[in-house]
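Chain by chain, the residues:
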Amino acid sequence: MDENRNIIISAKDVEVKFRVRDRYLTAIRNVSLDLYEGETFAIVGESGSGKSVFTKTFTGMLESNGTISNGSVMFHGKDLTKLKTDKDWEGIRGAKISTIFQDPMTSLNPIRTIGSQITEVIEKHQGVSASEAKKQAIEMMERVGIKNAADRFDEYPFQYSGGMRQRIVIAIALSCHPEILICDEPTTALDVTIQAQIISLIRDLQKELKFTTLYITHDLGVVANVADRVGVMYGGQIIEYGNVEEVFFDPRHPYTWALLSSLPQLGVKGEDLFFIAGTPPSLFNEIKGDAFAPRNEHALKIDFVQEPPFYRVSDTHYAKTWLLDPRAPKLEKPEVIQNLHEKIQKMTDKGGAFHVE
Amino acid sequence: MSNENREVILSIKHVDITFETGNKKKLVAVKDANFDIYKGETFALVGESGSGKTTLGRAILRINPCSAGEILFEGKRISGKISREEDRNVVRNIQMIFQDPAASLNERATIEYCVSEGLYNFHLYENEEDRVAKVDKALKDVGLLPEHKSRYPHEFSGGQRQRVGIARAMIMDPKFIVADEPISALDVSIRAQVLNLMNKLKAEKDLTYLFIAHDLSVVRFIADRIAVIHLGEIVEIADSETLFRYPLHPYTISLLSSVPMPDPIVERTRRHIDYDPSVLDQSGEKRELREIRPGHFILATSREYADYEYKLQSM
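Here the protein sequences line up with chains A and B, keeping their order. Letter by letter, the first sequence follows residues 1 to 357 of my numbering. Letter by letter, the second sequence follows residues 1001 to 1315 of my numbering.
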């Protein structure tokens, strides 16, 4: 990638295991990822692909039965996988790396005022007085678009709508000016109209406060809107990554093809929508070869035998599929996602289904 | 398609639904809903959370009482007080598919029981053999296997659980199905499977769907006609193509503009239009649902109606 850009966090060969009823399941299988300062990286995948688990290693928030069994996560010269206690994490989690979760109803405390939940973070991490913290909190509330912030400071979460609650969660996450903001499905629980507002709010704040954003989502529409770069996750691995244009317009992994093809936006009325048959692999078993092979109609023989390496498509675009091997047969991506840009352009141009004035 | 010659299966006539919120205050959840659903179509009700779309769906199933107006099913009133026999008739012929398949199935019951429950309640089987045969067929129809019968809901993936939810509704051999956000809780790839399945079953069993959703991109694919509901009021009704082609109400336009498109270049220049009710006529004239083109209804005052007419002509 851009050589003169600074890497802010670097995960290398991360493996995460969970102990479940005396059995081990491998949720993350040797994932490496570098994030560049100031960029927005989106991780996309189905539920169970490991996208949340992977980013939880950045903040030490794995469930208690989970361990990082291999690899490193380097952040400011420190290996985050070596941190153990909550005390070790002080000064990083919440201060330098913050997370916004999916459901604003469960991430706020229902019996404490909005104001106290924001000031708590500011007081703890910045060590300022209560009145200074309140001043900063109200400023932050205004910044995330809460009108009459001072009046609403003493209200409770139930007095806020879902979109407003998510704005508060964003205010809390940003109140210590983190360097990295992890957004874990931040809009999945929200309505589409509110989703659009929250996404543009995060983008505006990012421009202003210059943090790095890591989005986790299953919605490729959201990815197209927010991301500079995209990583596609399947079966506990990143299987393709690249600049957002590369992944949408020139996807190489059959799983990326399948994900794009099953979008309802591309469906034709009266015809069946494309869908991915079968279910994701069980992570209890050792996965042999390409994890997607059993569901992949384009699977090659070798996909069932040996795990593919990453092949280089461009300096910024890599995909982990045997299809890119020089010996592999030449396969065209599915018809429905060919000329994707022209198709979508037509849908949003005058006369198209998604055109608005 | 001309709507005049089509058979109306369900008719919602000026329905209000209100809830008492204590202090003698009333919350009007649905205001003057008035539309027909034709036999064999998929009618979508689209709106954001709190718009009253689920409330209206539940009123059809006699779960929420109407405070004004009435609902007719096959020409017979099914809202308000009706005989016990008619009530059972409604329950049998109108089934519901719920949003969250994990929450809507009894986690302590086997799939066999979950799917048979309706049969038990209505004694819709001649003997044990007949019941088992019916369950097997219902499971097969939704793409599950008879050997899944003895399993429990937690042993299934989200998509499979939703199939069980659908089998449970289908085994009653209903005529009308209220599907309340049936795919919102599912992953993208599984959504497509469930939508395809619903389309297939509709064709095979001659069903009519009321499809409740918040996502216009899904609705475009599955619905024949769409009603947009905002804060309890239906603001626009049109057939699917028309609604996307000639959206008139500013709220419909806002909803359309917020559907994310899977194209980074397009998304960069696309503008999200916030819904701003202040652009509407503020004269205080009562709004009515008016038919601006055959089959295309819009909630408007007379001045707004003239504006929409002008807009349509320039489109």
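Derived from the structure by calculation, the hints contain no laboratory data. A hint or two may mislead.
[Stated by the list, open to error] Only pairs whose alpha carbons sit at most 25 Å apart, straight line, appear in this in silico DSS-like list of lysine-lysine:
| hint | chain 1 | residue 1 | chain 2 | residue 2 |
| --- | --- | --- | --- | --- |
| 1 | A | K269 | B | K1134 |
| 2 | B | K1202 | A | K269 |
| 3 | B | K1024 | B | K1039 |
| 4 | A | K269 | B | K1205 |
[As the list claims (entries may be wrong)] To give an idea of the interface, some chain A residues facing chain B are shown, with a C-beta separation under 7 Å as derived from the structure:
| hint | residue |
| --- | --- |
| 5 | L25 |
| 6 | I92 |
| 7 | G94 |
| 8 | A196 |
| 9 | G221 |
| 10 | V222 |
| 11 | A224 |
| 12 | V244 |
| 13 | V313 |
| 14 | V356 |
For glycine and all other residues, C-beta sits at the position ideal for the given N, C-alpha and C.
Task: Violations among the numbered hints, reported as their numbers in ascending order - done: 1, 3, 5, 6, 7, 13
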